[in-house]
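*Asks:* Now for the letters of each chain:
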Amino acid sequence: MIMAKLTALVTIAAIFYTFVLSARVGALRVKTGVAAPATSGDPIFERAFRVHMNTVEQLVMFLPVLWLSVQVIGDAWTGLIGVVWLAGRIFYASGYMKNPTKRGPGMLITLSATLALVIVTIVGIVRGFLAM
Amino acid sequence: MIMAKLTALVTIAAIFYTFVLSARVGALRVKTGVAAPATSGDPIFERAFRVHMNTVEQLVMFLPVLWLSVQVIGDAWTGLIGVVWLAGRIFYASGYMKNPTKRGPGMLITLSATLALVIVTIVGIVRGFLAM
Amino acid sequence: MIMAKLTALVTIAAIFYTFVLSARVGALRVKTGVAAPATSGDPIFERAFRVHMNTVEQLVMFLPVLWLSVQVIGDAWTGLIGVVWLAGRIFYASGYMKNPTKRGPGMLITLSATLALVIVTIVGIVRGFLAM
Chain B
1454 MIMAKLTALV
1464 TIAAIFYTFV
1474 LSARVGALRV
1484 KTGVAAPATS
1494 GDPIFERAFR
1504 VHMNTVEQLV
1514 MFLPVLWLSV
1524 QVIGDAWTGL
1534 IGVVWLAGRI
1544 FYASGYMKNP
1554 TKRGPGMLIT
1564 LSATLALVIV
1574 TIVGIVRGFL
1584 AM
Chain H
1454 MIMAKLTALV
1464 TIAAIFYTFV
1474 LSARVGALRV
1484 KTGVAAPATS
1494 GDPIFERAFR
1504 VHMNTVEQLV
1514 MFLPVLWLSV
1524 QVIGDAWTGL
1534 IGVVWLAGRI
1544 FYASGYMKNP
1554 TKRGPGMLIT
1564 LSATLALVIV
1574 TIVGIVRGFL
1584 AM
Chain V
1454 MIMAKLTALV
1464 TIAAIFYTFV
1474 LSARVGALRV
1484 KTGVAAPATS
1494 GDPIFERAFR
1504 VHMNTVEQLV
1514 MFLPVLWLSV
1524 QVIGDAWTGL
1534 IGVVWLAGRI
1544 FYASGYMKNP
1554 TKRGPGMLIT
1564 LSATLALVIV
1574 TIVGIVRGFL
1584 AM
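Chains as they are written, first to last, in this note's numbering: chain B, 1454 to 1585; chain H, 1454 to 1585; chain V, 1454 to 1585.
A hint or two may mislead.
Note that the list lumps identical chains together, so a pair holds whenever it fits in one copy or between two copies.
Listed next, the in silico DSSO-like pairs over lysine-lysine satisfying Cα-Cα at most 30 Å (straight line) [said to hold, decoys possible]:
| # | residue 1 | residue 2 |
| --- | --- | --- |
| 1 | Lys1458 | Lys1484 |
| 2 | Lys1484 | Lys1555 |
| 3 | Lys1555 | Lys1458 |
| 4 | Lys1484 | Lys1551 |
| 5 | Lys1458 | Lys1551 |
Don't read these hints as lab results, they were simulated from the structure. Predicted model, so just to flag it, every value in this text is computed and none were measured.
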């Protein structure tokens, strides 16, 4: 049984979304003729490739603080911040695919959610020290 | 003491294998003359580089669901699915190095193992909701 | 409340440092004119890009064994090894930015810290088996 249900659900959703972005890269290899191991040669492929890679980079910062935060503010609030992160990622991907210059707002939402989780974790660490 | 011994062992093995793939990239830099920070210029180097990078991408999806699954189906079953993931990665790397078009089967095994862990996690989340 | 305070602190620091490296990549896009989605075209940008990417690759190997080790040797020792890892990363980045050939020593420190955590984890797994 998993107790932190919403946090686990957000984790699954974030991983699934990352997979969807990687599957799009694979599909665009076929469509644009950018054969592996190349990672450039077509502007749309390159956008999709960077969107996926950037999401992986964000995911590895997000998941650890997500699971530290759940110990501080519980499952519901942590899950809520996770949903904001995911919305930021979807917004980022959609903006980037239209035009790489439009990737800013989604990135800001993503980073704000991660920052919120970092602050929550720091609060939990401080509380841990105070309880010593 | 670590209770989820097999899951921890698979985690160590997956991380070690990822390290081996990165060490090969480093060795091929010397052998092929593709000096850092370049990441292209020799077909064999490029394959090794992509194999490592792709394994990092898969690892960040795999480890979170691996450690969620152990809470649902226990250490032995989780470890077993982890071994399948690892076998898929080794198969993927070996196929890709021979010919990038031969990377499909190993990738499918990897993704099947990750998908199995995702399904197990979802079962655990549903059980968590039912126990409320 | 977070019990493994120092380990959590190192986790936050490692994630924050990875973010700082990605922010530098973003700033160098503006300064050097390497517009997204391109990832090459200027030697300094390419170094910063590779430093960030390599740190992400190291982070995904580091964090899992960090949190397995805390179950074996406790928070203080785990946090200490984490600080070594972080120092290795800062040393690596600073060497690489001066000259890519100077990235070796920092990388060795990073890998030594990760290896120490892997050994600690294996000790914990063996203890788990012995306690069965």
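*Asks:* State for each hint whether it applies.
*Replies:* Hint check:
{"no.": "1", "hint": "Lys1458 - Lys1484", "verdict": "neither (38 Å within a copy, 44 Å between copies)"}
{"no.": "2", "hint": "Lys1484 - Lys1555", "verdict": "both (24 Å within a copy, 18 Å between copies)"}
{"no.": "3", "hint": "Lys1555 - Lys1458", "verdict": "neither (34 Å within a copy, 39 Å between copies)"}
{"no.": "4", "hint": "Lys1484 - Lys1551", "verdict": "both (18 Å within a copy, 23 Å between copies)"}
{"no.": "5", "hint": "Lys1458 - Lys1551", "verdict": "neither (34 Å within a copy, 43 Å between copies)"}
Against the hints set out earlier in the document, violations occur for numbers 1, 3 and 5.
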